[in-house]
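A.B. asks: Listed below, chain by chain, are the residues.
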Amino acid sequence: MITLLSTWTFGVALGFVALGVFVSYKLFSFPDITTDGSFTLGAVVATVLLVSGVDPALATLAGMAAGATAGACTGMLHAILGIEPLLSGILMMTALASVNLVVLGRSNVPLSGVTTLLDKAEVVLLPLATLLGFTDAAAEEAARLGFMLLAASVAVLLLYLFFRTRLGTAMRAGGDTPTMARALGRNTGGLTVAGLAIANSLTALSGAVVAQYQGFADVQMGVGMVVWGMASVFLGAALVGQVRLGGALLATLAGSVTFRLLVAAALRAGLDPDWLKFTTALVVLTALVAPRMLVRKQQASAAR
Amino acid sequence: MLELNAATVAFSTTGGPIVRAVDGVTLTVPAGQFVVVIGTNGSGKSTLLGSIAGTVRLDSGSIHLADHDITRWREDQRARLIGRVFQDPRAGTAASLTVLENIAVAACRGRRAGLSWATSRSLRAAAAERLGSIVPGLETRLDQPIGSLSGGQRQIVTLVMATWHKPDLLLLDEHTAALDPAAADRVVQATARLVREHHLTALMVTHSLAQAATLGDRLLLIHRGRIVLDAHGAAKRRLSADDLAYRFDRLRSADQLDESAARALTVLYV
Numbered sequence: 008m009i010t011l012l013s014t015w016t017f018g019v020a021l022g023f024v025a026l027g028v029f030v031s032y033k034l035f036s037f038p039d040i041t042t043d044g045s046f047t048l049g050a051v052v053a054t055v056l057l058v059s060g061v062d063p064a065l066a067t068l069a070g071m072a073a074g075a076t077a078g079a080c081t082g083m084l085h086a087i088l089g090i091e092p093l094l095s096g097i098l099m100m101t102a103l104a105s106v107n108l109v110v111l112g113r114s115n116v117p118l119s120g121v122t123t124l125l126d127k128a129e130v131v132l133l134p135l136a137t138l139l140g141f142t143d144a145a146a147e148e149a150a151r152l153g154f155m156l157l158a159a160s161v162a163v164l165l166l167y168l169f170f171r172t173r174l175g176t177a178m179r180a181g182g183d184t185p186t187m188a189r190a191l192g193r194n195t196g197g198l199t200v201a202g203l204a205i206a207n208s209l210t211a212l213s214g215a216v217v218a219q220y221q222g223f224a225d226v227q228m229g230v231g232m233v234v235w236g237m238a239s240v241f242l243g244a245a246l247v248g249q250v251r252l253g254g255a256l257l258a259t260l261a262g263s264v265t266f267r268l269l270v271a272a273a274l275r276a277g278l279d280p281d282w283l284k285f286t287t288a289l290v291v292l293t294a295l296v297a298p299r300m301l302v303r304k305q306q307a308s309a310a311r
Numbered sequence: 030m031l032e033l034n035a036a037t038v039a040f041s042t043t044g045g046p047i048v049r050a051v052d053g054v055t056l057t058v059p060a061g062q063f064v065v066v067i068g069t070n071g072s073g074k075s076t077l078l079g080s081i082a083g084t085v086r087l088d089s090g091s092i093h094l095a096d097h098d099i100t101r102w103r104e105d106q107r108a109r110l111i112g113r114v115f116q117d118p119r120a121g122t123a124a125s126l127t128v129l130e131n132i133a134v135a136a137c138r139g140r141r142a143g144l145s146w147a148t149s150r151s152l153r154a155a156a157a158e159r160l161g162s163i164v165p166g167l168e169t170r171l172d173q174p175i176g177s178l179s180g181g182q183r184q185i186v187t188l189v190m191a192t193w194h195k196p197d198l199l200l201l202d203e204h205t206a207a208l209d210p211a212a213a214d215r216v217v218q219a220t221a222r223l224v225r226e227h228h229l230t231a232l233m234v235t236h237s238l239a240q241a242a243t244l245g246d247r248l249l250l251i252h253r254g255r256i257v258l259d260a261h262g263a264a265k266r267r268l269s270a271d272d273l274a275y276r277f278d279r280l281r282s283a284d285q286l287d288e289s290a291a292r293a294l295t296v297l298y299v
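Protein chains in written order, with the numbering used here: chain A, 8 to 311; chain B, 30 to 299.
Be careful, since some hints might not be right.
[Said to hold, decoys possible] Reference listing, derived: stretches of chain A covered by chain B, where coverage requires no fewer than 3 residues with Cβ under 8 Å from a Cβ of chain B:
hint, segment
1, 163-173
2, 297-307
[Claimed, not checked] Reference excerpt, derived from the structure (chain A facing chain B, CB under 7 Å, subset only):
hint, residue
3, M187
4, A190
5, L191
6, G192
7, R193
8, N194
9, R275
Hint data in this document are derived by calculation from the structure and do not stem from the laboratory.
Only a predicted model underlies this, so the values are computations on that prediction, with no experimental measurement involved.
By construction, the Cβ of each residue, glycine as well, lies at the ideal position given by its N, Cα and C atoms.
Given only the sequences and the hints, what does the whole structure look like? Please build it.
C.D. replies: Right, here's the structure in full:
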């Protein structure tokens, strides 16, 4: 039971990465490798602040802000200096590897004896979990999951509302068809910078809550995150098919949880954890290639 | 009013000579005039349009529009004054957004985007009215992704978007070239109607000599970056598509003469 609950909690926590990748990759067609670095950045900034006694909510927000800054930097490399998306992200990710190490001081810092955001939420939500019939450790885990679901719902709602404002709609237009957005007076470079800032603040938020959930920050914890996010986005889209913005955001979150559950099932069935990232990459590869193969097959049968 | 003063755009071909795609063009388009621009392939007509829209930088000369010197303005800044329709219907509309959301972006042209809602009941009503008056039935598709519309329908929506707030200049860059004849015809009629109804100042590049002969108040024929024919009023009305075709042929054969002369020179000097 606890294992299942914690798989869910982890899936929702990583769902913020998926939402971030949804913004950068789906809305802006920007394969943003910064994600790997900004996930860790969010974790290390929050951890260092928590260890030095800063309020958990403030520490988490600071992690988000750091991620937003990193995303904005990647955006500027692309929009102002004209460096292509992939390379902008690679440069930023590489630079962040040093930043993360310097901020954290060493490669791994535990959060033992520190009150985290999840500890605080647990206290508040525990009565509710008990009310729902959970007991002991399961109740604590359910409370943490409840908090994570609440936070993710708020994030989805805020994103949904934002992307329906004039600015948000202009951002979607700029990500979809830059020529159109420029012809209608939008500075597409500025929109990309803002979009990547939003995307990486979500990724950093994920890093910050994951660090607090697992009880430590590690400079390696962000490796492969962008591919994880893509896998979740693709899986979510496969679950629900063609939907509007709100549906797509929820599907992305669902994709992250589903993918985490699938991974847990695979591990239980005997998948060597060393092959985990390989498998994730394989899933993304399949998701990228399969639609094209299907189209080709349809065209072939149509030609016949 | 649009004023070009000795506008020049030069491209340096690798290892070759510098080509002036726009070669010292001076042009005044009074407010309310509908100008049709034609020219052979590579004549520089698209570069001329791009230099006005802001996608191409002038190497020398200046551009004034509605009492602003826009020579150094960025493309998105010029959009405050200019509405545009592209050749490719996909370039002028965002496929994943609904028809209404596309129009919402257009309704913010030249304004701060801000955090108010993009679509409102009043915008929906206005959009339904404007679209429905041009293509009956289109107003029922406001909530569909614009990518689900046909190319011709998308161009008409783009036209409505470009003229949502009256632009000081409407730029049409071969906006019917990618369409089938029937759809092109409908788009041309919608264009003529919108230009007339809103008294727009418009510059339309076209590859269709028939359109050039029948549409607009003034005709420009561009060749090698220069205006070689500028006809308005009665002179414009007298020009038929056949006249234009004849002039085109003459320009093309003059080009060939030049080329063979150049080749002969190369042979002499090598």
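A.B. asks: So, for every hint listed, does it hold in this structure?
C.D. replies: Okay, the hints, checked on the actual structure:
1. 163-173: Coverage by chain B holds for the segment 163-173 of chain A (4 residues, Cβ < 8 Å).
2. 297-307: violated (count 0)
3. M187: Holds. Min distance 5 Å.
4. A190: This hint holds: A/A190 lies near chain B, its Cβ roughly 4 Å from the closest one there, short of 7 Å.
5. L191: Nearest chain B Cβ about 5 Å off; hint holds.
6. G192: Holds, because the Cβ-Cβ distance from A/G192 to chain B comes to roughly 4 Å (cut-off 7 Å).
7. R193: holds (6 Å)
8. N194: Holds. Min distance 5 Å.
9. R275: violated (38 Å)
Checked against the numbered hints above, the structure violates hints 2 and 9; every other hint is satisfied.
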